[in-house]
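Read top to bottom, the protein sequences are chains A and B.
Under the working numbering, think of the first position of the first sequence as 1179, with each following residue one higher.
Under the working numbering, think of the first position of the second sequence as 1123, with each following residue one higher.
If the Cβ cut is set under 10 Å, some of the chain B residues that face chain A in the computed set are:
1. VAL1217
2. PRO1219
3. ALA1222
4. ARG1240
5. ARG1247
6. VAL1250
7. ASN1257
8. ALA1258
9. CYS1281
10. ARG1292
11. LEU1293
12. LEU1297
13. ARG1299
14. ALA1300
15. ALA1303
Derived from the structure by calculation, the hints contain no laboratory data.
Because the structure is a prediction, the values reported are computed rather than measured.
C-beta: ideal position from N, C-alpha, C; glycine also.
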Amino acid sequence: MAALIAASAIRTCLGDGSQTFARLLRGECGVGPLRQGDQDKLNVFAGYHVDLGVDLGVDLGDLVAGPDDPNRPFRAGTLLAAVVAEAARQAGLDVLSGRQRVVALVGTGLRELAAVEDWTLGGPAFPVERLHFGDVVRSALPGVADVVTISNACSAGGHALALAQDLVESGEADAVLACGADTMTQSMLVMIGHVASGRTERVRPFDRDRDGVLLGDGAAAVVVVPPSWPGPASGPASGSVLGRLVATGLSCDAHHETAPDIEGICRSMRDAHDRADRDPSAVDLVVAHGTGTALNDPAECEALRKVLLGAGGAPLVTAVKGAVGHTSGSAALVNVDVALRCLTTGLVPPVAGLREVLDEGIGLRFVTGQPVPAGPTLVQVNAFGFGGVNAVTLLEAA
Amino acid sequence: MTGVIQRVQRMTLSAWSVYLPGVPLGDALGDALGDAASRAISGEWARQDAPPPEQAGAVLGRKGLLYKEPATRLALCAVHRALGLEPGRRPDWPVDPRTAVVAASNLGNVETVAKITRAVTAEGRRAVSVLDAPNASSNIVASTAALWFRFGGPNVMICSGATAGADALRLAGVLLRARRADRVVVVGAEPADEVAAALQAVGSGARQSPLRSGAACLLLQAEPPAEPPADDVEFPQTYGDDVTSSQNRRRAVVELLPEGVPWPREPRSTVGSSGFDPVARWGYCYGAQGVVAVALAAHLAVDERHGVVGVADPGDPSASGARALVSTFEGWST
Chain A
1179 MAALIAASAI RTCLGDGSQT FARLLRGECG VGPLRQGDQD KLNVFAGYHV
1229 DLGVDLGVDL GDLVAGPDDP NRPFRAGTLL AAVVAEAARQ AGLDVLSGRQ
1279 RVVALVGTGL RELAAVEDWT LGGPAFPVER LHFGDVVRSA LPGVADVVTI
1329 SNACSAGGHA LALAQDLVES GEADAVLACG ADTMTQSMLV MIGHVASGRT
1379 ERVRPFDRDR DGVLLGDGAA AVVVVPPSWP GPASGPASGS VLGRLVATGL
1429 SCDAHHETAP DIEGICRSMR DAHDRADRDP SAVDLVVAHG TGTALNDPAE
1479 CEALRKVLLG AGGAPLVTAV KGAVGHTSGS AALVNVDVAL RCLTTGLVPP
1529 VAGLREVLDE GIGLRFVTGQ PVPAGPTLVQ VNAFGFGGVN AVTLLEAA
Chain B
1123 MTGVIQRVQR MTLSAWSVYL PGVPLGDALG DALGDAASRA ISGEWARQDA
1173 PPPEQAGAVL GRKGLLYKEP ATRLALCAVH RALGLEPGRR PDWPVDPRTA
1223 VVAASNLGNV ETVAKITRAV TAEGRRAVSV LDAPNASSNI VASTAALWFR
1273 FGGPNVMICS GATAGADALR LAGVLLRARR ADRVVVVGAE PADEVAAALQ
1323 AVGSGARQSP LRSGAACLLL QAEPPAEPPA DDVEFPQTYG DDVTSSQNRR
1373 RAVVELLPEG VPWPREPRST VGSSGFDPVA RWGYCYGAQG VVAVALAAHL
1423 AVDERHGVVG VADPGDPSAS GARALVSTFE GWST
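With the hints as constraints, model all of the structure from the sequences given.
Written as structure tokens, this is what we have:
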């Protein structure tokens, strides 16, 4: 079985989906000075921030953050509201009439813990329900049957996508918004500052001289529908679907709290290929996780070599975190948006920040410098998170 | 939660535990069941002490608990008890890729987040231990359960507020039906530290009883066949010799019910605001409450021989219609 993707909306430091893809093709990097907390105390000096001056198209009142102050909490919910409203419009979801049962699964790494930090330092108290995203999604999409916040670290969006497909395939929902949202917390930033080998100026995925990860603000919403999807119920949407969601494989390393495990990663890839009933060699493009950390990139390369190259495959490999930072809970779905655009345009953007490929990546066909007009047909999207939670998605043209 | 279930969804419940430090479960249940305090409660787990998080080593063994937050320790204790492991026994079986974990917790890491924030603001990163790094990520309860017990299947952490426990149950069913796992460990855990209590006091949960530190665990398998399954499909047998044989006979069927659907069978008793109300008696486990309620219902159905027990409002008394029915196999098949 498979599901279709009827709409996809993202926000990154490079803009919406179309803007982000255009700037990825040009090799741009959205890094800037860190705007949150005290740079010296955190030992983090740069970040990939989104300006919040977004037109939500809906009135969320005081549920969302203002446009100006990056330290103000509830920024993740603000970005989430924007992409949920946009994706619902794009898909032409008919939620209010009751004819479609629409569910939202929101993947996040850090929830709105920034609000807890703000409160700890003397900021205002807030209703505990604001830690998760139910109210924000219900306001952005009135009539949604259910909202579940899934806190699965850096692969949260991939987990939301897997469960979204399961719900659609079993007929438990007519459409599911698989969402992701994350901004930054000081408690996570300081951990990044702790383990950075130097002063990280930008993320360099798969580079021999990479020196760590930086966070990016981000949000994403992907509308997953069954193959019988009749098209938009209303609105200006074109009625065409963006791509086919073939399968998502899941695994947990059960190996280490923070370090990745090649065997656990391989299991998630094989799970995706098995569920899709595709030979691994059929994958012709990988949109990699590629965090630019000491541990992830070699482990991810080894797993790709083992599973894809080992089966006779020779995929191109690209990654976006050099351009948009690590968008944590939305990272998988940002990658999905990019993968869908690779499928529709045929173009594969280069890995921003990659100069010389690390040893473990030898043999993998990284895209560097210029975009490649490759015309991919089966794209694998990788997402791995703290705690060894892995989600690997396969997409193809509709 | 309530809006999503469209039809009755059944799962097999192979084992369960409730882990509430400071609550003398045996006595409390004995009282509630209308018998004298001398009444013997049947389930072995209900007679066991639940040491508080700082003494979790008595259950889990001493090693490996440094920098494990209270909610994580509570969750590990609940899973340990549900699996029927001997005290101090550290699992050493191979990683099992067919067992998934779905955890429910909202406030597990808020104290750590607050502590790190204060330290970094006052003194900078050198005042912060990198050993707290995993705790900065909100999936720490789910991933630690997988790591500790070597569950290599899908690992999902639900942080959706009062309905988290009920959401976890439903998503466990989704994982089973999609054949992503053969077994799902559902575990709910909440702490009641100062930060958690202060945050929870501002929410709609403030209308509830005070926050109660505790955990519960359910070991679930796919929908049972029409006849009670053969012995060789029982959950805990995968996990070594020290799972007791009595544990293997304690099985039940959980049915998650859509809003407005009448009980498929009339329950002899109910857990929730209209029956035995653990929230009123012991306090509110917030995101874990839905798991606590179903585990208690299983205890009543199987160990106390009630046969069929209803769960009304398992997570949040304000979320009407979030219901489940727990039946023994005998109660279910008749």
